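Peer 1: Spelled out, the chains give:
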Amino acid sequence: MNEMIHVLSALVENKPGVLSRVTGLISRRGFNIESLSVGPTEDPTKSRVTAIVRADDVAYEQITKQLHKLISVHKITDLTDERAIERELVLFKVNAPAERRSEIIEIANVFRANIVDVGRTSLTVEATGDEGKLKGMEDLFRAYGIKEIIRTGKIAMSRNSKEA
Amino acid sequence: MAKNTQQAASTVSIEGAAKGPGSANPKQGKELTGAQAIIASLEAEGANLVFGYPGGQAIKIYDALYDSDILTHVLARHEQGAVHEADGYARSTGDVGVAIVTSGPGATNTVTGIATAYMDSVPLVVITGQVPSTAIGTDSFQESDIVGITMPVVKHSYLVQDVDEIAPTFREAFHIAKTGRPGPVLIDVPSDIQSQVTVFDYPDSVNIPSYRPTYRGNAKQIRAAAEMISQARQPVLYVGGGTLISKAGPAVAALAHAANIPMVTTLMAKGAVPASDPLNFGLVGMHGSKYANRAINRSDLIIACGARFSDRVTGNVASFAPGAKLIHIDIDPAEIGKVREAQVPIVGDLRRVLENLVQLLEDGEVALPDTAAWVKQLDAWRERYPLYDKRLDESAEQIVPELAMKLLSEALDPADSIVATEVGQHQMWAAQFIDRELPRTFLTSGGLGTMGFGFPAAIGAAIGNPGKTVVCIAGDGSFQMNSQEMATAAINGAAVKVVILDNRALGMVRQWQKLFYKGRFSATELDICPDFVKLAEAYGWNAAQVSDPAQLAAAYRTMLDTPGPYLLDVIIPRDQSVFPMVPPGGRTGEPIGAIDTQEGARELQALEGGDR
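Protein sequences, first through last, are from chains Y and C.
For the first sequence, position 14 (counting from the first letter as 1) is numbered -1 according to our numbering, and the numbering increases by one without interruption.
For the second sequence, position 144 (counting from the first letter as 1) is numbered 159 according to our numbering, and the numbering increases by one without interruption.
Excised from the complex, chain Y in its bound form:
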C-alpha cells in the first residue's frame, strides 16, 4: 500500500464543535493531519475545512466515507489528483544582521514576498504560494538562520475549467 498526500476539502456546518467532529474522526481512524485550515465560505452557515492527510487510497476512501456519515458534513472533495489551486501563507522570521539585510530583501523580492517587520537583528517575511515556492524560500533563508516559521496550513480550490 502506497501512502500518499491527500488534499481533503470538506464543506461543513459553521457551528460550534463541528471542527472537533471532523478532526476527531480523522485521528480516531488512525490518521495524522499534516496541515489544517478552516474558514467560513460565501455562505456564512457553512465552513470549509482543508486538511492534508497522508494515507493509502483504501484508507483515504474509508476516511471520506466516514466523514460523509457525519451529519454536519455536506460534501467532501478530494483535490489531490486534479490541478487544484493550492496556496499557503507563511511568515518567516529570518536572522538579519544589518550587513545582510539587503540580500534577504532581494530574495524576498524574487519570490514576490513582503517584508512585514524589521527588527535589529531579524526580518519578518510574508510569503504566499504553493508548496514548491515556499519550500524554495525556506531553503534559501536557512542559510541565514530561521528564527521562527508560522504557516497557515494549505487551502485549495478546484479550477474553473472543471466546472465548465
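A few of these clues could be false.
Under the rule of at most 16 Å between Cα atoms (straight-line distance), these lysine to aspartate or glutamate pairs were calculated in the EDC-like manner [as the list claims (entries may be wrong)]: (1) Lys353/C x Glu46/Y; (2) Lys50/Y x Glu356/C; (3) Lys31/Y x Glu(-2)/Y.
Listed next, with one range per pair, are the computed distances between beta-carbon atoms [as the list claims (entries may be wrong)]: (4) Gly15/Y x His272/C: 34 to 44 Å; (5) Thr26/Y x Asp216/C: 25 to 35 Å; (6) Thr229/C x Gly138/Y: 24 to 34 Å; (7) Asp177/C x Ser5/Y: 58 to 68 Å; (8) Glu242/C x Asn(-13)/Y: 41 to 51 Å; (9) Gly24/Y x Glu242/C: 21 to 31 Å; (10) Met(-11)/Y x Pro41/C: 52 to 62 Å; (11) Thr26/Y x Pro218/C: 21 to 31 Å; (12) Asn222/C x Gly24/Y: 45 to 55 Å.
Covered stretches of chain C (in silico footprint by chain Y; criterion: 3 or more residues with CB under 8 Å from a CB of chain Y, positions within the stretch not fixed) [stated by the list, open to error]: (13) 166 to 176; (14) 217 to 225; (15) 337 to 350.
Hints are computed from structural coordinates only; laboratory data are not their basis.
Being a predicted model, the structure only gives us computed values, none of them experimental.
From the three backbone atoms N, C-alpha and C, an ideal C-beta is built for every residue, glycine too.
For this one, chain Y is given, so just place chain C on it according to the hints.
Peer 2: Using the frame of chain Y, we list chain C on its own:
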C-alpha cells in the same frame, strides 16, 4: 392531515416520521418552559416509555415529567442501567429508546450504554441535563462536556443553546436515530434553557441537506448481482444485523429459497431468519459451527446482507474465504469496502434491494444457479460436525453448559419469548444453542461486547413487551456489573428470568488463558460470592440454585411458571470451554475443538492442554 398520517404509518421506519401525533399534539402553540417542551416533544414523537435517573440539572425535566399522562418513567438504579434498558426496549420493539439523565457523572455514566448502542446500530435518544449556559466551561459542580466525551460514539449530538430550538432538535434527533443506519443521538440541555419559555411548535418534517440516506439500490448493480448469483456454484448468504433493522428477514429467506442458497448468520442476525429454516446454517465466526465457517470459507460468492465483516467473523482477513467474490449490500456506504473489497457494491435498504433481486430471479431474467451439490455438501458437514453430541459431553454429575442451553431453548416458545445475554462464554453458548424463529428476540451486545448489558436490556425488553417471557442468560461475572437493576425489575413489575451460568470465573478470559497463556489464570477466578439466591431474595425476587443435571429441566419449569422476576443460579464446571473456536486472527475454516462425529471426538490436535 389525514393523508400525512397515513403516509407516516406506511413508511415509518424509512422516512423517519414521528410515531406519535407530531404537530397535531395537544400542546402545539402553547407557551411552555424548555423542560415542558422536552416532555411535549417526546409525547409528539409517540414515546410512552422513558428510562432514567434524576439529578440537579435534570430536575426541571423531571418536574415537567411529573405532569405527563402519556410518558411512563422507569427509574433505574444507575444511569448505565437506564441506557441499556432503553437499548433493550429499542432492540426488542424496533422503536427509539429514550433515556433521561442529569449532568456530570449522570451523563458520563451513560457512555458505555451509548457506545454499546452505537456499535450495534440501535436507535436511542439520550437526554442529558447540563449546567446553566453561563456556567459551561467553568468546571462547575457536576459539569462534564458530554457532547465532547461522546462524540466518537454517537450518530449525532446536540448542545441546545436556545429554548426555541428544543422542538426542532428533538424532531431531528428522532429522525436521525431511526433512519438510515440507526444509532444513538445525544441531546444536552443546559438548565437555564430548561426554564426559559417558548411557544411550542413541533415540526413534522426535518430538513437536513447533509443527511440523505440512500434507500433505493442502483438498478444496474442489482442486475449485476443477479448475474453474479446466476454464475455461482457455491454461494452463501452472509446475513448480518442490518437484516433485522431493515425487516429484510423474509426477503433474505426468499432469495435463499428462490436460488437455493445457504445462509449463515452473524451474532447480531440471530432471529433474522428462522433457526428452523433448513437453509439456515446458523452462526458463523469465532464460535460459529465448523460447517457454517466452512461454508463461507469455501464459497465462491458471498452475498453480504447488512453485515460488516467484523474481525469476530473473519478471523484473519487475508485468509478469509479466499475464493469468493463479494456482493455487499448495506445502507451504510462506509461499510462497503472497509474490510473486504466488493465486486458488486450496493448501497441501499436491504429489504428493497433483495426484493428487486428476487424479482429478477423469479421473472426468469437470469438463470438460477445450480447449487444442489453445494447444499448437499453443507448438509453433510452439518451432520458430521455438530455443535453438540451427547456421546461426548453428557455428564451425570455436573451440568454441561451446552446441554443447559439446549434444554432452555426447548423450554421457551420462540414465538412468545425474548432472550437477552450478557457477554462471555454463556453468550456464545446461548448463540449456539438457543434457537430463535423471530427477529428482535435475541438481544446481545455484539460490537462493543459490554458485560452488564444483558440484564438491564432484558428489563427494558420485558417492560416494552408485556406478556412475553423474557430470559436473561448471564454469567456470574457479567451479572454483577449491573445487578443493582434487580430493584428496577422488582419495582416495575418486569418479570425477567435470569439464568446465571455460574462457573465462578470470568470464563471467556479464563478460556483464553487456558488456551493461549499457559493456564496462568490471572484475575479470572471468582470466589463464591455473592450468594446469588440470597441477593435476589434481598430484592424481593424468587430464586433457586441448581447443580444436578437431573433437576435442571424442573428448575427451568419452576422459573418460567413463577410469576415475577426470578433468578436461577445454574452451577457449571469451571473448566468448560466454548468450542468450536477460531483462535483470534486465525483461519476461520479451521476452528479448534469442533466435534467430528466420524472420529467420535473433538478436533483438538492443534492444541496443547485442550482438556475435553
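Peer 1: If you count the residues of the segment 217 to 225 of chain C with a beta-carbon closer than 8 Å to a beta-carbon of chain Y, do you get 3 or more?
Peer 2: holds (count 3)
Peer 1: Given the hint of 21 to 31 Å, is the C-beta distance from Gly24/Y to Glu242/C inside that range or not?
Peer 2: Violated: the Cβ-Cβ distance is about 48 Å, outside 21 to 31 Å.
Peer 1: Honestly, do Thr26/Y and Asp216/C meet the 25 to 35 Å range at C-beta?
Peer 2: For Asp216/C against Thr26/Y, whose Cβ atoms are near 30 Å apart, the range 25 to 35 Å holds.
Peer 1: May I ask you to test the hint 58 to 68 Å on the CB atoms belonging to Asp177/C and Ser5/Y?
Peer 2: 21 Å, violated
Peer 1: Regarding Thr229/C and Gly138/Y, is the given constraint of 24 to 34 Å on their beta-carbon distance met?
Peer 2: 33 Å, holds
Peer 1: Can you tell me whether the CB distance of Met(-11)/Y to Pro41/C sits inside 52 to 62 Å?
Peer 2: 59 Å, holds
Peer 1: May I ask you to test the hint 41 to 51 Å on the CB atoms belonging to Glu242/C and Asn(-13)/Y?
Peer 2: Distance hint for Glu242/C, Asn(-13)/Y is violated at roughly 33 Å.
Peer 1: Verify the CB-CB distance for Asn222/C and Gly24/Y against the hinted window 45 to 55 Å.
Peer 2: Violated - the Cβ-Cβ distance for Asn222/C and Gly24/Y, about 25 Å, lies outside 45 to 55 Å.
Peer 1: Would you check the hint for Lys50/Y and Glu356/C, treating anything up to 16 Å between C-alpha atoms as holding?
Peer 2: OK: Lys50/Y and Glu356/C at ~14 Å, within 16 Å.
Peer 1: Quick check: does the Cβ-Cβ distance between Thr26/Y and Pro218/C fall within 21 to 31 Å?
Peer 2: The hint (21 to 31 Å, Cβ to Cβ) holds, given that Thr26/Y and Pro218/C are roughly 27 Å apart.
Peer 1: Three residues minimum, CB to CB under 8 Å: does the segment 337 to 350 of chain C make the cut for coverage by chain Y? Let me know.
Peer 2: With 3 residues close enough to chain Y, the hint holds.
Peer 1: Okay, the segment 166 to 176 of chain C and chain Y, do three or more residues pass the C-beta test at under 8 Å?
Peer 2: holds (count 5)
Violated hints, in rising order: 7, 8, 9, 12; the structure is consistent with all others.
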